[in-house]
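From first to last, the protein sequence lines stand for chains E and D.
Residue numbering for the first sequence follows the working numbering, beginning at 1 and increasing consecutively.
Residue numbering for the second sequence follows the working numbering, beginning at 1001 and increasing consecutively.
There could be a bad hint or two in this list.
[Stated by the list, open to error] Cβ-to-Cβ under 8 Å is the rule here; a few derived chain E residues that face chain D:
1) G419
2) M430
3) Y433
4) R459
5) L473
6) E485
7) I489
No lab work stands behind these hints: they were computed from the structure.
Ideal placement from N, C-alpha and C gives every residue a C-beta, glycine not left out.
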Amino acid sequence: MTEPLLEVEGLDVTYQTKTGDLRAVTDASLSIDPNEYFGLVGESGCGKSTLAQAVTNSLDSNGAITEGTIKYRGEEVQDLSEKEYNEKIRWKEIAVIPQSAMNSLDPLSRISELAIEVAEAHTDWSEERAVDELKQLFDVVGLPESRVHDYPHQFSGGMKQRAIIAFSLLLEPSMVIADEPTTALDVIMQDQFLKHLDELREIRDFSLLFITHDIAVVFEMCNSMAVMHGGQIAEQGTTEAVFDEPRHPYTILLQQAFPDIRYPNRELEGIEGVPPSLQEEVDYCTFADRCPWAEQECWEGAPPLETVPDNDDAHEVACIRNDEIEDLAAEYLDERDVEGAAAGETPVAKGASAAADRGDEETVLELDGLHKHFDQSTNIIDSIKSRFFGEGDEPVRAVDGVDLELKGNQIQGVIGESGCGKSTLLQTIMGKYSPTDGEILFDGDPVSEFDKSDWKEFRQRVQIILQDPFNTLNPHFTVRETLMEPLRIHDMERSEERILDILEQVRLTPAEQYIDRSESQLSGGEKQRVAIARALILEPDVILADEPVSMLDVSTQASVLDLLNDLTNEYGVSMLYISHDLSTVSYVCDRVNVMYLGRLVESAPTMELLNGAKHPYTRSLLQAIPVPDPHHEREWAELPGTPGDATDLPGGCRFKDRCPDRMDICDTKPAYVDVEDGDHQTACHLHYNHEECGEEVADTPAAAISDGGEPR
Amino acid sequence: MLLNSVSKITDHYLLRNLRSSLRLYLSDRLTVAFLLGFLFVLFLALFGPYIAPYQPDKIFFVEGGGVLELQPPSLAHPLGTTSRGQDVFSRLLYGARPTLFTGLLGGALVVTIGVLIGVTAGYFGGRVDDILMRVTDFAFGIPLIPTAIVLAAYFGVGTWTTILIIGCLLWRNNARVFRSQVLQIREREHVRAAQMLGASDRYIITRHILPNLGGMIVLFFSLGTGLTIIISASLAFIGFADLGIPSWGLMLRNAYNSGYIASAWWWSLTSGFAISLTVLCIFMLGRGYERVHETNVSEFGG
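Isolated chain E (complex conformation) (with noise of 0.2 Å):
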C-alpha cells in the first residue's frame, strides 16, 4: 500500500464564540491516497468545511486544532505558522477552489497577472515561465492558450469554471480542495465542472478533496468518501463500499432522502430532527436522536469508529449496532410500507407516479403567450428615443410566448437553465410585472382587466413559496405574527386554533412549541414549513412556488418535498414549481414545462418527459443530473456553451447554437413548432412532420414573432 498523501487522526477544532465553546469538528480521522478522489458529505454545519480549513490552515481567527494531527506526506503540518504554511505547502503541495469559484476571480487582473502574482508568492518562477504553466494548463482544460491575457469578465461562466480549474493546478499541487464548488451553480454547469475535472484525473496527477452536501456528486466522482454528521465522522470507505453495504444509519437515511432520476417513483423519506447542538459535550452518538433504532446504550457514550468487516478494509463505521443495521434498515423499511397501508393512509401514489391520479378538468390558471420584455435603457432621453424614433437597443425577451394551463390540484413544473426566464415568469404571474404581451387568465378572468376587488381575490387565492427560508420570514416577528399577517391582511378571523392548526398540518407538532418561536429560533427546514403553513393559511386555489427546497439540505429537502405532495391532496389546490433541478421536479410534479430562453421547448406528462424526452435540450438535461450510484457510468451530457443572448436570439430554433442534433432546416425554420403527441408538445423539428404540414409553420403567430423582433 502507498503511503497516505494526507492523514488526519483524531482531530478535534473548537470555535470560541460569545456564549462558549463550540466543537465544530470532534475525534476526525481521515486519509486521501495520492491521485485519489475523495468525498467528504455532511449537511451544512456538520463540520466538513471546518475540517477543510483545518488542513488548508485558514480557520477563522476564534477557531483552532486543540487536538490531533495533521500528516501531509508524513510530515505533520497542523502547527506550521501562516508564513511556513504559505512557504511550504499554500498552492504549491495543496491548493483550493473556493465555494463562490465563480466570483473569486479579481475583476481588475488579467488572469496572467493572477498567475505571475501566486507564482512570485509562492516560487522563484520568472514570469515568462508563470504564463507559459498557465498556457499549458489553460490547453488541458480546453481552453484557448491565447485568452491567458484576458481578464475575468470576458470569459463566460463555464470559462470561468475551466480558468479557476487550471489557476488551481498552477503550481502543480498534489492535492486540490475543492469546498462546494457547484452548490451556486445549476445542473448544467455543476456538469460541465465535474466532467472537467473527471477528464483532468487522466492528464494530470492529484488528489480532490470534494467537499459538498450532494451525495449523489460524490459517489458519481470519487474513489472514498467520510459522511459526516454532527461534527463527527459517520461512515467512511470506498464510494461503492459505502453505496453497497452502507453501515451508518445516517448514510442508510441519507440514500433513502436523496431522490434518484431513474427512480422518480421511489419514496423519499427525509431525515427528521437536527444534530446536536456542539456547544454542549456530546458523549453519546450524534445521530442518536434522529436514528430510528437507538438504543440506550447509544446514550451512553459516543460510539468509536470501527472497521467493517467487508472486503474493503477502509470501510469504518461509528455505530455500535452497525453488525446488525443492515437488517434492521430492511425490516424498518418494510414496515413502514405496511404500516402506511394498514393504517388506511390515503393510497395516494408518491411521487411521478401520482401524475396520473391528479388534476382536475378545470383549468385554474391559464397563461396564453404570455410575454415579458424588458427595456435595456434607463435613461430619459434613450426611452424617448426609442418611443419616437425606433430607436435604441432590443429589449431583454426574459419570457417570450408562454402558453400554459394549469389545471385544478395538479402540479406543474417549469424547469430550465438559470437565466432561462423561470423566475420572470413566475414574477409576471404574481402580478409584480405586467405583461408585454399575451394574457393570464385566473379562473378564464383576464387578469389584465382585475379592478382593485378582483385583485384582493387574486391575493388571497393565490399564494407564494420563496426560494431563501433565511429570509422568507420577518426577523423581527413570531411564527405567530408570520402566520396572522395573511389574516390580518385580508381581514380574516384571527384565531389561535386556526394557527395551531395549520402548524400541524405542516407538521410542525407540537404546534404549541412552535407558535411562540422567533425567526432565529427555527432551522432552515422549520423556515420554510412556516412559509408553507402561511401560504397554505388562506386556503388558496394556486401556489406559486419558486425553488422551494434548493437551499435546503437533502434531508430535509426530502420531507418538505413531500409535505408539498401531502397538501397538495389533501387541499385539493394547484402549484407552479419552478426549479432548475429535474429530480426533485419529476418528484412532485405532474407535469413538467421544459423552458429555454423565454420558451417552453417541451411539455408533457411527467413519467413520459422521463422516459421518452424528445426535444435535444430535456434530453441533455435529464443527462446532467448525477446519478447516486458509484457503479453507474453516465455520459455528460453534451450541451456546449451557455444559452444565449436574450437581447439578440438568433433566427430559426434559438436552441440550434447548442444542438448535438442541428439540421440545416432549423437556420431558417422558426424557433417554435408544436409537434404535439398527444399530451406531449415539442418545439422541435426532429419530431415535426414537415412534409405535412407544409409551409403552414411560417404562418403561425409565434413565427412571425420570432422572426420579426417585434411583439404582436
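For chain E, the structure is supplied; the task is to place chain D on it using the hints.
The following block gives chain D in isolation, referenced to the frame of chain E:
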C-alpha cells in the same frame, strides 16, 4: 381580560425586540460607560439650572468696585470666572440644556426627513426615486455654514432657526443610506411574500421595512444629534446664536472674543470639552446600538 390585553401589549414584537436588544446593549461595558456619560449630560440638561450656584448672567465684583474678571478656579467659583465676571461653572450647568435640546431636536429632524425621503425613494423606485435622488444630489451641493449664515440673516438668529437650518440640510447623507438599505430590504422574500398577500404599501413599510431599519435609524439619529451639536456650536462661535441663551458654543465664542482664550483655560477648555464629550457619548451610544442590531440580525441570519 384586561390582564390579557396588557400582556398582549407588552408582548408586542417591537417591545419584545427592544427588551432583548436592551439586554444585549447593556452587556457591553464600554457602551454602559458612555450611556452613563450621556445620562449625566441629560441630568444636567434637566436639573442643571437648579444645581447651579449662581445665575448664569450674574456679574461678580471685587470689593473695590471692579469686575471679578478671569479668576482661576477657587472654592467660590469652582471653574473660575469669565472676563465679564460671570461664574463659569454656573454657565456650564445652564449651557447643557440648550445644547442638548438643539442637538436632539436637530437629530430627530434630520433623521425624520432622511427616513421619509430615503424610504419613499427606495421603496417606490422609478420616477419617484429619480426625482427624490436628484433633489438629494442638489442638497449635497449646498455648502452648510454659508447657507446657514445667509438663512440666519433672513430669518434671524435663534435656537429654532438653527435647528431648522441644520435639519433641512443634514438629511442628505441619511436619505442616501436609507434608500440603499430599503433597496435591499425590499427584495427580501418576506417583503415579497407580504406584497403577494396583497398588503398595502403602508403596511409593508411600517411592519416589514421600518423595523428592519431600526438599528440604522438609531445610529443616524445619534450621528445627527452629535453633528447638530457641533454645527450649532460652530454657528454660535461665529456669532449666529441667540446671545441670551448661554449655550456651550456661545461660551467658546465669548472666550475667544475676550482675547484670553489661551490663558483662561478654565473658561475655554471646559466648554470645549463639554461639547466634545457629549458628542462622543452620543456617537458611541449609536454605535453600540448598531452593534446590538447587527448581532441580532446575524443571529437571525445564522
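Worksheet item: If you check each hint against the structure, which ones fail?
Response: 1, 3
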